[in-house]
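One line per chain: the protein sequences are A and B, in this order. Just so you know, my numbering puts 45 at position 45 of the first sequence, and the rest follows in order with no gaps. Just so you know, my numbering puts 38 at position 38 of the second sequence, and the rest follows in order with no gaps.
The hints are simulated quantities; they were obtained by calculation from the structure and are not laboratory data. Watch out, some of these pointers could steer you wrong.
[What the hints assert, rightly or not] Just some of the chain B residues that point at chain A, by a computed CB distance under 10 Å:
1. 72
2. 76
3. 79
4. 89
5. 255
[To be verified] Across the chosen pairs, the derived CB separations fall in these ranges:
6. 25/B <-> 171/A: 41 to 49 Å
7. 180/B <-> 169/A: 21 to 29 Å
8. 309/B <-> 85/A: 32 to 40 Å
9. 28/B <-> 233/A: 19 to 27 Å
Every residue, glycine too, gets a C-beta built ideally from N, C-alpha and C.
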Amino acid sequence: MRSYAQLALAGFRRYSTYRQAMFAGLAANVMFGLLRTSVLLAVVGAAPKEGYDVPSAVAYVWLGQGILAFVVLWGDTTLAQRVRSGDVVVDLYRPWHLQAALLAEDVGRAGYSVLVRFLPPVAIGGLLFPFRGAGPGTWALFALSAVLGLLVSFGIRFLLNTTAFWLLDNRGVLGLYAVASTLLCGLALPIPFFPGWARDLLWATPFPALVQGPIDVYLEHGPQWTVLLHQACWAAVLLTAGHFVLRRAVRKVVVQGG
Amino acid sequence: MIEVRDLRREFTVTTKTGRFRRSRRTVRAVDAVSFDVAAGEAVGYVGRNGAGKSTTIKILTGILVPTSGRVRVSGVDPARSRRELARRIGVVFGQRSQLWWDLPLRDSFDLLRAIYRVPAEDHRRRLAECVELLELADFLDTPVRQLSLGQRMRGEVTAALLHGPELLVLDEPTIGLDLESKERLREFLADLNARRGTTLLLTTHDLDDIERLCPRLLVIDRGAVLADGPLEELRERVAPDRVLVVDLERPAGPLDDLPGVRSVRSELGGLRLHLTFRRAETTAAALIAAVAARADVHDLVLEEPDIDDVVRRLYARR
């Protein structure tokens, strides 16, 4: 356990070495936040829609801006690249559970992104616009939901990356995911704005667990426990699947390169 | 330490044969390989590109599952007990890095200590030893991405040794290093083997590595073991001819009737003679004495087949 804690710490430090990248990312993030706020306020400004009045819409936008880096919404390719180049041999002969080790590193990364990618945009949104507040209990549940969202996100990204063991070049898969996740997780448009059948369909997938779920918990739209249960179930399913897929990959698949 | 019996590994290769048609064929990367390595040995594992070296190494470290055959490393089946084995052996892949790219070298060592659960005292002692012998002190706090290749390799070897492995597997550890860095690394490894008794298994294309480090040579080609034994013995078997080159003050005939001389090549109008002989039949000293008795010797050189010749001849015999 201690070794995984150390890995989480290393994940935190690795990302904290790239300061300029952080500032660039933050600037883009805030720009998009402003843009999305103005669009959404144009929709709900006159009359509340599907439970979204102006303060809720502001909270929705800026919590979303904060959380999207936390859950790496567009996916990452680190493991896939290591599979492609064959560097994954190094990861495979260590005395660790590779999936758990990568998760630990990702938790560290996410911890860093709370400081630099979550808190600043939420603070900016809160200062510039009427931001719907919440009590400490709700914030705590929101934090729990965000962490579950991170587990779901890691579960998905890990599975997507392991496809590289079979496909080698899985950039297509990852590209498709980047588009799908943005549309389906509730970032582009709040899921309550979708038609009823689409809403039900989406909540049958893990995507809402990434962004809409934590926001629903914060805004107390619907019972919070159903959201948390949805996230926890998907996290368990995806992480278990990842464990078995990796095991199969290791037994069946060729490690590239000499 | 290592026991390999009748090891085979096949890969399926798919090639495009038409717009939609593909043909599959099975390639044997390793074909009925058997060998043993005893504790404390230093073995050079040599072969051409694609001979099956890296495949064998991946099987020995548990990363690849063999198609058939029996493998025991440090008493366990590598593919089944990969994690257990990883605690007992160290691996250095010359072309891959096991260090954390973005972090200072020291942080990688700390992480490895946590991953391998090395007691603090052991870690401190081993690290101090490596820092001293491999001269790491100057760049311990430099991020790995900023290290030179030579520095990084020294870091890699340290990383593989911090958990005190009984076997160290090195896959082309000196690749890309300059002569001085190579020599320093070889010295360190030779010392490790001699003093600490760490078993070494080393693949390389640089045969000087073998000459300096490994009393035993294992040659593999097209997936099968071609030769296995001490370098001297292989040399004797495959390339037994030695050549004495003598420069004479004045021509003194072909000298092909000297005892033990198998053939003579004459150059410079008889002023330089290449006398071929074999260790089993005469010694260099006896031959030099015999030449000196017949002619005035100005200069002489003794040519031994080097390890490259030995390996080349082994390949040529197939």
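Taking the hints in turn, this is what the structure says about them:
The beta carbon of residue 72/B is not positioned within 10 Å of any beta carbon in chain A (closest approach about 17 Å), and the interface hint is therefore violated. A hinted interface residue such as residue 76/B counts as satisfied when its beta carbon comes closer than 10 Å to some beta carbon of chain A; here the least separation is about 12 Å, so the hint is violated. Annotation: interface hint on residue 79/B holds; nearest CB of chain A at approximately 8 Å, less than 10 Å. For residue 89/B, the interface hint holds, since its Cβ comes within 10 Å of a Cβ in chain A; the closest pair sits about 9 Å apart.
Of the supplied interface hints, the one on residue 255/B is violated, with its beta-carbon coming no nearer than about 49 Å to a beta-carbon of chain A, more than 10 Å. Judged by the Cβ atoms, the range 41 to 49 Å given for residue 25/B and residue 171/A is violated: they are separated by roughly 28 Å. The hinted range of 21 to 29 Å is not satisfied by residue 180/B and residue 169/A, whose Cβ atoms lie roughly 40 Å apart. Residue 309/B and residue 85/A have their C-beta atoms about 35 Å apart, which keeps the hinted 32 to 40 Å range intact.
For residue 28/B paired with residue 233/A, a C-beta distance near 46 Å fails the hint of 19 to 27 Å.
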